[in-house]
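Peer 1: Spelled out from the first residue to the last, the chains are:
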Amino acid sequence: MARFKGLNYRRPAYLLILMNLFGFGLLFVKNSYDTKMLYVGAGLLGLFLILYTIIVLCRMGDKFIALMACMLITIGVLLLCRIDLSFGIRQIVWVAVGGIAFFVAYLVYYHIRFWDRMWMVYVILGTGLFLATLIFGKTINGARNWIAVGNVTVQPSELTKILYIMFLACYYSKAWDKPLGRITPKWGTLMVTYLFIGFLVLQRDWGTILVLFAIYIFMTYVYEKNYGFLLMNIAAALVVAFLGYRFLYHIQVRVSTWLNPWEDISNTGYQITQSLFAIASGNYFGRGLGNGSPGYIPEVHSDFIFAAVCEEMGVFGGAAIILLFFLIAYRCFKIAILAKDAYDKAVCFGLTLMFAVQTFIIVGGVIKLIPLTGITLPFVSYGGTSIVVNFVSLGIIQAISAKEERHGGEKGGR
Amino acid sequence: MTFYNLLSSIFSYIFTLIIYLFIFGVIRLIYLDVKKMSRFDDERVNVSGLETASLKTIQSRSHAENELKKRYMIYGQATVGRNKSCDVVLREKYISGEHIRIWYEKGEWYLEDLGSRNGTYINGQRIRNTVLLDAQDEIAVGELHFLFEL
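Which chain is which? The protein sequence lines are U and C, in order.
357 is the number that the working numbering gives to position 372 of the first sequence; each next residue is one higher, with no gaps.
56 is the number that the working numbering gives to position 68 of the second sequence; each next residue is one higher, with no gaps.
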């Protein structure tokens, strides 16, 4: 009986292994039996096994979130290796770094208890990162949000998202209730939000603005009893959006390509139309890994990876990715609901919102549901900082769930 | 290359199957998890319509402590012991497979020892027969102490 039970929860893990074996085996055949592909696959599989084994053996709370994230990474890396092997290899290096970051974040968050008293630290760190980006930043693809450190370029705004969520959680968990001078915490959070958004406007990083503001709005909606404040914020956002649309050429282009990309198909509408062609040619089950032509879509390895997934794994593959994100969000919301500590609750909720909003924005943008803003699809897209930061947030969520499992009502892990 | 194209399109079905089996497996496990939790942890909602009481865990130096819940609910009747078939499962070495039974009858709560090896103590006294329980009685089984609360 006990043995059967043990087998039960490992079954999705077996499927994950199978997916890796088949996927990399197929790519091995495709790249004319290049053994490098096998090393890549073995490396990735090894990383997953180490990660999952440590989570299960050390009873680090929820087992499913990391497993689902591993599945998403598998799909992402398969596609990246297929598009360009060097992307895949670099992505795996980042996954390894992310795995280490995951455990570091888990341990640090689990053992330090004074996170809720450091709101000032978060604001200062966030502002510092923004200033550093403005001074030392590099402009890539129109957004000045990269810093080159030695050989690698990092995107500090990704890290700011976590800092911002931890800052918001300080206020919403009522840990920060003393006014600073004449500024009450409520208006303080509002001011910091607009300060961060202002910095992001200077960097022209529209995607992150949208994510931060959506997190703020949803947190306010959940925690604030006074709906007038919420409506005021939404109204302010609408005014700002309208002004942006009127005066910024960049945003006008985004909106017009969203409304009618066919008008200027060879220029501004090129990316989105290619993405739509790719999704359409994928049909239900996809054309098969390696049979499609994702190379026609610009930026297919980062922002538009979802279109490539739809082309090569079909609409069902794309729907599976969305389903996996749904399940991750469901699990994380559940952890947030069960968490005893108010600060943990707020942080977990905010991080979940980050995943959910980011997925919605980029998937919606790629399938032309909403205007496109460049942002990475968590765990799937190519992007070092994005992978590491997502792993860090996963580690924090894991720590919260482990706290709940060990000190909360229910019995310890099975 | 045509061989590869054929292989790849066959594999696209296999991949879809694997991914959906994976999702199904995760959903099933989450569902099982939710069911397991709601059976034991739902303290506020009493859907059974039965009389309820609870055993509140008193802090003790037992090793099993971190496995214990703060409070065990009893709906109408409950057996307490180490077996999985018991309503309240306590994994502690001095507790018998089926240790005690607590039940409600005509306005009163009763407790009986089901022939345990190490006995049951109520307010420090070892019990021999069926006893009537009062609120705030301290029940000691094995090395664990509970407060009986209505």
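Please keep in mind that the hints were generated in silico from the structure rather than gathered at the bench.
Treat each hint with caution, since some may be false.
Pairwise CB distance ranges (calculated) [to be verified]:
#1 LYS72/C x LEU70/U: 46 to 56 Å
#2 TYR(-1)/U x GLY112/C: 45 to 55 Å
#3 ARG44/U x GLY95/C: 15 to 25 Å
#4 GLY85/C x ARG391/U: 19 to 29 Å
Sample of chain C residues lacking proximity to chain U, with all beta carbon distances greater than 12 Å (derived) [stated by the list, open to error]:
#5 ILE7
#6 ASP21
#7 ALA41
#8 GLU93
#9 GLU100
#10 GLY107
Cβ coordinates follow ideal geometry from the N, Cα and C atoms, glycine included.
Peer 1: Any of the earlier hints contradicted here, and which numbers?
Peer 2: Violated hints (numbers, rising): 3, 5 and 6; every other hint is consistent with the structure.
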